[in-house]
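Visitor: In order, the protein sequences belong to chains F and H.
Heads up, the first sequence is in my numbering, so the first residue is 1 and it goes up one at a time.
Heads up, the second sequence is in my numbering, so the first residue is 1 and it goes up one at a time.
These aren't lab readings, by the way, just hints derived from the structure by calculation.
Computed from a prediction, not measured in an experiment: that's the story for all the values here.
Glycine included, C-beta positions come from ideal geometry on N, C-alpha and C.
Fair warning: there could be bad hints in the mix.
Taking beta-carbon pairs under 7 Å as the criterion, some of the chain H residues facing chain F (in silico) [to be verified]:
id	residue
1	His31
2	Glu56
3	Phe57
4	Gly58
5	Glu65
6	Cys67
7	Arg71
8	Tyr321
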Amino acid sequence: MSKPTDLVQGTLDLLILKTVALEPMHGWAIAQRIRQVSGNVLQVNQGALYPALHRLEQQGWIQAEWGESENNRRAKYYSLTRAGKKYLQKEEANWQRLSAAIGLVLKTA
Amino acid sequence: MRWVKSATHRFRSLFRKNVVEHELDQELRFHLERQIAENAATGMTPEEARHAAMREFGGVEKVKEECRDERRVNRIETFSADLGYGFRTLRKSPGFAAVSVLTLALGIGANTAVFSMVNALLLHPYKFHDPDTLVRVWEDRGIDEGYDARRFAPADAEDLRGGTRVFESMTTFGWRNFNLSNEGNIQPALGCRVSANFFDVLGVAPAAGRLFTPSEEQTGLDQVTVVSHGMWQRRFGGDPQLIGKTVQLNGRSYTVVGIMPKDFDYPVPVELWVPLALTPAERAERAELNLEALARLKPGVSVAQARAALGNFSKQLEREYPKTNAGRVTTILEYWS
């Protein structure tokens, strides 16, 4: 297995939004989920995760709530807001377009 | 409702700093503990697990500061974005911008004007003697002439003064613009020509000197003036020797005989008073309404009673002078209303 790849600039927000779209999740779980779902390819820099969460919360795409964690500890759970859902759809479409375009260039050029 | 949430956030970050700080601390602590537990589960010693977790996380204080920055920076960014958006919107629709600015300007202006009036009339009222019995009197011609146009014909006023039993006293006055010159300086001064009893009817005494005498209502004897406190200060530098000195008003010499107290400048914004000396022709004027009048009700006479009596007075004048006085109704209003 190769060394986990650092995230492309600007994709962390998209991954976080997609991850919390499933269910409310705390920061640690978000990082774990991204790593697992990407087959250990994407490694979230933990130092960058929390500033990103706070930024997204500040922008109103996600909201935070304190809840009980699996091991009965208080943890901050993030979930997608209605505006965040719309934003995520738009960004997902953008990403599909971008990666398709890059794929096209790599194949033909 | 995104803006509501983000506003709530900003509010919390601004005013509930301690709570936000505490939450940030708890959040990161939770993360580290989970990571340490995870590491320990792979067989690390507690010490190793802790170090590995810290290493992976990077400096806790650094992350905290970055989180704080996200909130702070956003505040400033959002504010400047709001400002920019506001300016762009206004520039895009200059008509709307102009109307908005004008509306605000007029609103603020009108409020200022109203406040100035309220301030002058209600919050700093003149210290008139017994204001409840003081009334404004004028001849209503059935056309709305506004507050400033509540006037009296001199001859009618003269008749009323001599013939009514509802007034204890009545006084007439009229505005007059002067050019005041003393020691070579000429400046405009807003004056008022007043009957000799003007100050008595209002119940004010001079701060220095004296008021007018009835004999000074005659042309030739009328060259005396009483100045306001403000005028005394502005124009004469508060000269303690002013009384008895001579000034030129419209080229005629007037002797300053009195200075009024600081809080008296009725009718606002008068600067000096001179006697109302009418020529016989002016005194007989009935067509032109060129004076204003104030009166004191007799003790025990109500405004309604006075109105009824004045109605009869008007009808009598109308019969005697139908040419000039047809449709004229003498009206009174409490000074304070």
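Visitor: For which of the previously enumerated hints does the structure constitute a violation, in increasing order of number?
Guide: The structure breaks hints 5, 8; every other hint is satisfied.
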